[in-house]
Amino acid sequence: MGRIQLNKVTKTFGDVEVIPPLDLTIEDGEFTVFVGPSGCGKSTLLRLIAGLEDITSGSIAIDGNDATDVPPARRGLAMVFQSYALYPHMSVRKNIAFPLRMAKLDQAEIDKRVNNAASVLNLTDYLDRRPGQLSGGQRQRVAIGRAIVREPAAFLFDEPLSNLDAALRVGMRLEISELHKRLATTMIYVTHDQVEAMTMADRIVVLRAGHIEQVGSPLELYRAPRNTFVAGFIGSPKMNLIEGEEAAKHDAHTIGIRPEHIAVSADEGPWSGVVGVSEHLGSDTFFHIHQTGLAETITVRADGEVSFSHGDRIHLTPRADVIHRFDAGGLRIA
Amino acid sequence: MATKASRSAARLMMAPAVILLLGWMLVPLTMTLWFSFRKFLPMRGGDLGWAGFDNYARFVTSSSFWPAVYTTLLIVGGVLVITVMLGVLLALLLDQPIWGQGVVRILVIAPFFVMPTVSALVWKNMFMDPVNGLFAHLFKFFGAEPVVWLTDAALPSIIMIVSWQWLPFATLILLTAIQSLDSEQLEAAEMDGAPSLKRFWFIILPHLSRAITVVILIQTIFLLSIFAEIFVTTQGAFDTRTLTYLIFQRITDAQNIGLGSAGGIYAIILANIVAIFLMRIVGKNLDA
Ligand SMILES: Nc1ncnc2c1ncn2[C@@H]1O[C@H](COP(=O)(O)OP(=O)(O)O)[C@@H](O)[C@H]1O
Ligand SMILES: [Mg+2]
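These protein sequences, in sequence, are chains A and B. The letter at position 28 of the first sequence is residue 246 when you use my numbering, and the numbering goes up by one with no holes. The letter at position 240 of the second sequence is residue 730 when you use my numbering, and the numbering goes up by one with no holes.
These are computed hints drawn from the structure, not numbers from a lab. Be careful, since some hints might not be right.
Rough simulated footprint, nothing fancy, chain A against chain B, three-plus residues with beta-carbon under 8 Å [stated by the list, open to error]:
id	region
1	526-536
2	591-597
3	681-687
No more than 25 Å apart at the CA atoms, straight line, and that leaves these computed lysine to aspartate or glutamate pairs for DMTMM-like [unchecked claim]:
id	chain 1	residue 1	chain 2	residue 2
4	B	Lys630	A	Asp272
5	A	Lys322	B	Glu677
6	B	Lys494	A	Glu327
7	B	Lys688	A	Glu438
8	A	Lys312	B	Asp537
9	B	Lys688	A	Asp329
10	A	Lys312	B	Asp544
11	B	Lys688	A	Asp346
12	B	Lys688	A	Glu369
13	B	Lys688	A	Asp272
14	A	Lys312	B	Glu674
15	A	Lys399	A	Glu438
16	B	Lys688	A	Glu271
All C-beta atoms in this analysis are idealised placements derived from N, C-alpha and C, irrespective of residue type, glycine included.
Go ahead and model the full structure; you've got the sequences and the hints to work with.
Here it is in structure tokens:
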């Protein structure tokens with residue numbers, strides 16, 4: 219069980235209000251991702267839930283019980299830190315067993331759970347090593363192992379993959395998702411990387427300066443971003459935001475069109491511009507188009523085989539059914 | 491410093507310092523070695539020739555030898571225990587965010603800058619004097635009989651004085667070590683259900699082990715040779731005669747240079763045994 223409710227939670231450091239009043243409910247078993255730019259208060263929010271920071275006002279309930287003043291150890295939550303925070307002088311086995319030892323479980327039960335976690339996480343061969351003798355990915359798994367043996371009500375992850383190289387990150391992303399499917403335990407995952415958010419989340423919470431900008435499933439956020447901030451943050455490459463005359467044609471202050479919803483052509487289309495940098499990914503090619511008269515740059519995704527040279531003048535056709543419209547305040551017009 | 495050329499340049503430039511230091515060490519060492527094999531009594535005939543291992547035998551068979559070794563170990567051990575334990579406590583306290591942190595830290599470090607002779611005199615006259623000392627006044631205030639510190643509790647008094655001098659050093663090293671502890675480790679332990687005492691025992695103390703070994707190593711080497719504190723307080727009386735002080739007495743009081751030099755050589759050997767022993771511990775600690 220792990221249903222977490224935040225009611226009007228605020229947090230100030232000195233005079234700086236990092237989290238303005240915030241309401242949020244995280245359902246049991248849900249994989250929730252907090253995503254937002256650096257410094258927007260994601261870690262702070264997670265630490266408030268963990269109990270590592272005291273909330274300034276408001277309340278937190280876990281499974282319906284008020285947990286506002288419950289110390290972190292008794293909230294039944296496990297946290298995986300960005301730095302892994304392994305205990306360097308203990309072997310992997312002792313690291314994973316540490317929470318169980320603190321809970322005074324008997325040795326047989328401890329061994330059983332540690333061995334179980336080690337086999338789930340492919341750590342069996344490394345149990346007698348020190349964290350310093352492990353690779354980044356293995357350390358990450360030890361940190362996760364230390365979290366799962368406690369059988370917590372919810373897992374909290376604070377940018378757990380940001381110290382790994384790109385290939386490992388993709389692998390660990392899958393492993394964590396897999397783990398969530400198997401354990402079906404509530405997970406709250408903090409990241410600044412929208413790709414991680416999109417690929418892993420059941421529900422994404424987009425934050426900006428401590429405010430919740432939008433909550434929804436990855437596809438909801440992709441299809442119907444509530445404002446220009448979410449529109450620009452979710453999706454890669456970023457949505458093109460166009461103001462002025464072209465937007466006015468759609469009765470909007472700003473219109474948004476994703477790079478994948480624009481067709482390119484050498485000779486026909488309503489918009490035209492000059493090709494700048496092309497990024498060839500093999501499967502896709504991203505063209506950065508200048509001098510369109512719409513915005514500084516328009517990014518377009520085309521098939522990997524499409525090829526234009528730097529300086530070519532080309533034509534663009536946006537898909538009319540997926541144009542997003544926003545008003546002067548940046549809010550979506552339905 | 492990777493290339494051959496830069497390495498030999500480095501050697502060349504370090505040479506003067508190394509040679510100077512070596513000379514500084516080798517000249518007195520050789521002279522001590524030389525005198526330890528001579529029968530040399532300045533007031534009773536001067537250099538009376540070759541003595542073989544006589545001085546060495548006489549130094550260790552003297553009835554003062556083993557008590558001096560014992561006293562030395564008590565002082566070194568006592569000071570180490572006190573400075574390390576209080577040092578850890580103080581470092582933990584100073585690590586807390588408190589008002590006026592900078593000033594408090596400087597105050598804590600201050601005793602280290604007081605010369606041993608001065609600090610021993612201050613303790614002797616201001617604190618431990620049985621008539622006018624602060625301790626005497628304190629005892630009298632509570633209606634107790636003042637302790638004649640440097641007579642009745644001479645060894646503990648000296649341990650106290652020396653500990654007071656070395657506590658800042660231990661605190662400083664341990665404080666920097668505590669500050670280098672990743673706070674996320676403590677938070678992880680907190681979430682893992684470790685209350686503060688257990689966090690200290692399982693996380694902070696192991697993290698400090700290396701710094702503690704370094705403190706012990708460095709202090710031992712300096713504590714083996716404390717002298718001023720004994721000289722200005724008890725002059726070696728009341729079971730406070732350490733090995734260093736015994737050597738001093740052999741040379742000045744007994745006017746026996748040969749015997750004193752032999753004692754000096756023993757002290758060198760002892761210090762080196764301690765140093766090698768401790769180096770190994772530190773080495774092991776640094777590898778892990
Ligand atoms: N202990 C603290 N004291 C003061 N300010 C803090 C503290 N922790 C975080 N902040 C501030 O709160 C804001 C949000 O920080 P954080 O939650 O770490 O952001 P994120 O994890 O989203 O990058 C930042 O502006 C940061 O400077
Ligand atoms: Mg953060």
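Results for each hint:
1. Chain A is given as covering the region 526-536 of chain B, and this is violated because 0 residues of the stretch bring a CB closer than 8 Å to a CB of that chain, at least three being needed.
2. Here the region 591-597 of chain B counts 0 residues with a CB under 8 Å from a CB of chain A, which misses the bar of 3, and the coverage is violated.
3. Here's how the region 681-687 of chain B fares: 5 of its residues keep a CB closer than 8 Å to some CB of chain A, so the rule of at least three is met and the hint holds.
4. Restraint check: the Cα-Cα separation between lysine 630 of chain B and aspartate 272 of chain A comes to about 49 Å, which exceeds 25 Å; the hinted pair is violated.
5. Only pairs whose Cα atoms come within 25 Å are accepted, and lysine 322 of chain A paired with glutamate 677 of chain B is accepted, the gap being roughly 19 Å.
6. The hinted pair formed by lysine 494 of chain B and glutamate 327 of chain A fails the criterion: a straight-line CA distance of about 59 Å is larger than 25 Å.
7. In summary, the hint linking lysine 688 of chain B to glutamate 438 of chain A is not supported, as the alpha carbons are separated by about 47 Å, beyond the 25 Å threshold.
8. With a CA separation close to 66 Å, the supplied pair lysine 312 of chain A and aspartate 537 of chain B exceeds the 25 Å bound.
9. The suggested pairing of lysine 688 of chain B with aspartate 329 of chain A holds, with an alpha-carbon distance near 21 Å, which does not exceed 25 Å.
10. As the CA atoms of lysine 312 of chain A and aspartate 544 of chain B are separated by approximately 58 Å, the hinted pair breaks the 25 Å bound.
11. Using a Cα cut-off of 25 Å, the hinted pair lysine 688 of chain B and aspartate 346 of chain A holds, with the two alpha carbons roughly 23 Å apart.
12. The suggested pairing of lysine 688 of chain B with glutamate 369 of chain A holds, with an alpha-carbon distance near 21 Å, which does not exceed 25 Å.
13. Between lysine 688 of chain B and aspartate 272 of chain A the CA atoms are separated by roughly 22 Å; this keeps the pair inside 25 Å, and the hint holds.
14. The suggested pairing of lysine 312 of chain A with glutamate 674 of chain B holds, with an alpha-carbon distance near 18 Å, which does not exceed 25 Å.
15. Note on lysine 399 of chain A and glutamate 438 of chain A: the hinted pairing holds, with a Cα-Cα distance of about 21 Å set against a maximum of 25 Å.
16. For the suggested pair lysine 688 of chain B and glutamate 271 of chain A, the alpha carbons sit about 20 Å apart, so the restraint of at most 25 Å is met.
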